[in-house]
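Colleague: Sequence:
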Amino acid sequence: MDLPPQQPSTQFLTLEESAKVDAALLSSPEKFLTRLTISSLKVLKHIAQEYSVAIEDLTAQQVIAWFEKDGKIRREQGIEAAYLKW
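Residue numbers (our numbering): 10 to 95.
Please note: incorrect hints may appear among the correct ones.
[Stated by the list, open to error] The following label-pair restraints were derived from C-beta to C-beta distances:
{"#": "1", "residue 1": "70", "residue 2": "45", "range": "19 to 27 Å"}
{"#": "2", "residue 1": "45", "residue 2": "71", "range": "18 to 26 Å"}
{"#": "3", "residue 1": "38", "residue 2": "85", "range": "34 to 42 Å"}
{"#": "4", "residue 1": "84", "residue 2": "48", "range": "30 to 38 Å"}
{"#": "5", "residue 1": "28", "residue 2": "85", "range": "32 to 40 Å"}
{"#": "6", "residue 1": "66", "residue 2": "28", "range": "31 to 39 Å"}
{"#": "7", "residue 1": "87", "residue 2": "42", "range": "15 to 23 Å"}
{"#": "8", "residue 1": "39", "residue 2": "77", "range": "28 to 36 Å"}
{"#": "9", "residue 1": "34", "residue 2": "77", "range": "21 to 29 Å"}
{"#": "10", "residue 1": "84", "residue 2": "28", "range": "16 to 24 Å"}
{"#": "11", "residue 1": "89", "residue 2": "26", "range": "20 to 28 Å"}
{"#": "12", "residue 1": "94", "residue 2": "71", "range": "17 to 25 Å"}
{"#": "13", "residue 1": "93", "residue 2": "39", "range": "22 to 30 Å"}
[Said to hold, decoys possible] Cross-link-like lysine-lysine pairs, in silico, BS3-like; alpha carbons within 30 Å at most:
{"#": "14", "residue 1": "54", "residue 2": "81"}
{"#": "15", "residue 1": "94", "residue 2": "51"}
{"#": "16", "residue 1": "29", "residue 2": "51"}
{"#": "17", "residue 1": "94", "residue 2": "29"}
{"#": "18", "residue 1": "29", "residue 2": "40"}
{"#": "19", "residue 1": "94", "residue 2": "54"}
{"#": "20", "residue 1": "40", "residue 2": "54"}
{"#": "21", "residue 1": "51", "residue 2": "81"}
{"#": "22", "residue 1": "51", "residue 2": "40"}
{"#": "23", "residue 1": "29", "residue 2": "54"}
{"#": "24", "residue 1": "78", "residue 2": "94"}
{"#": "25", "residue 1": "81", "residue 2": "29"}
{"#": "26", "residue 1": "81", "residue 2": "94"}
None of these hints come from the bench; they were simulated from the model.
Glycine included, every Cβ here is placed at the ideal spot set by N, Cα and C.
Generate coordinates for the entire structure from the input sequences, incorporating the hints supplied.
Modeller: Quick look at the structure:
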């Protein structure tokens, strides 16, 4: 699996998206879950792109393998080399 160059400005929830969630008629737990879901969708799109598959064709094993690989990159090369910056 070839890795595309990392984008240091990757945001998983834009200010506009966050404002829309804040304005929605949702409880605090529902707003949290909505933010998490939007962010998760963006990560899944990235993973699908790396595997060159449609997002709906991703398997649980591919998602797990991707997180393992990103975690290994973070541990061995530092947080800036990983896709997820946490």
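Colleague: Work down the list of hints and note, for each, if the structure agrees.
Modeller: A quick look at each hint next to the structure:
1. 70 <-> 45: 19 to 27 Å: holds (22 Å)
2. 45 <-> 71: 18 to 26 Å: Roughly 20 Å apart at Cβ, these two residues keep to the hinted range, so it holds.
3. 38 <-> 85: 34 to 42 Å: holds (36 Å)
4. 84 <-> 48: 30 to 38 Å: violated (22 Å)
5. 28 <-> 85: 32 to 40 Å: holds (37 Å)
6. 66 <-> 28: 31 to 39 Å: Given about 33 Å between the Cβ atoms, the range holds.
7. 87 <-> 42: 15 to 23 Å: Once the Cβ atoms are compared, 31 Å apart, the range 15 to 23 Å for residue 42 and residue 87 is violated.
8. 39 <-> 77: 28 to 36 Å: holds (31 Å)
9. 34 <-> 77: 21 to 29 Å: violated (39 Å)
10. 84 <-> 28: 16 to 24 Å: violated (35 Å)
11. 89 <-> 26: 20 to 28 Å: holds (24 Å)
12. 94 <-> 71: 17 to 25 Å: holds (21 Å)
13. 93 <-> 39: 22 to 30 Å: At 24 Å between Cβs, range holds.
14. 54 <-> 81: Between residue 54 and residue 81 the Cα gap is close to 20 Å, so the pair holds against 30 Å.
15. 94 <-> 51: holds (14 Å)
16. 29 <-> 51: holds (17 Å)
17. 94 <-> 29: Status holds; Cα separation ~24 Å.
18. 29 <-> 40: holds (10 Å)
19. 94 <-> 54: Holds, at about 17 Å.
20. 40 <-> 54: Holds: residue 40 and residue 54 sit about 21 Å apart, inside 30 Å.
21. 51 <-> 81: Satisfied, since the Cα-Cα distance of roughly 21 Å is no more than 30 Å.
22. 51 <-> 40: It holds: about 17 Å lies between the C-alpha atoms, which stays within 30 Å.
23. 29 <-> 54: Cα-Cα ~21 Å, so holds.
24. 78 <-> 94: With a Cα-Cα distance of about 14 Å, the restraint between residue 78 and residue 94 holds, given a limit of 30 Å.
25. 81 <-> 29: Violated, at roughly 35 Å.
26. 81 <-> 94: holds (13 Å)
Hints 4, 7, 9, 10, 25, counting from the list given before, are not met by this structure.
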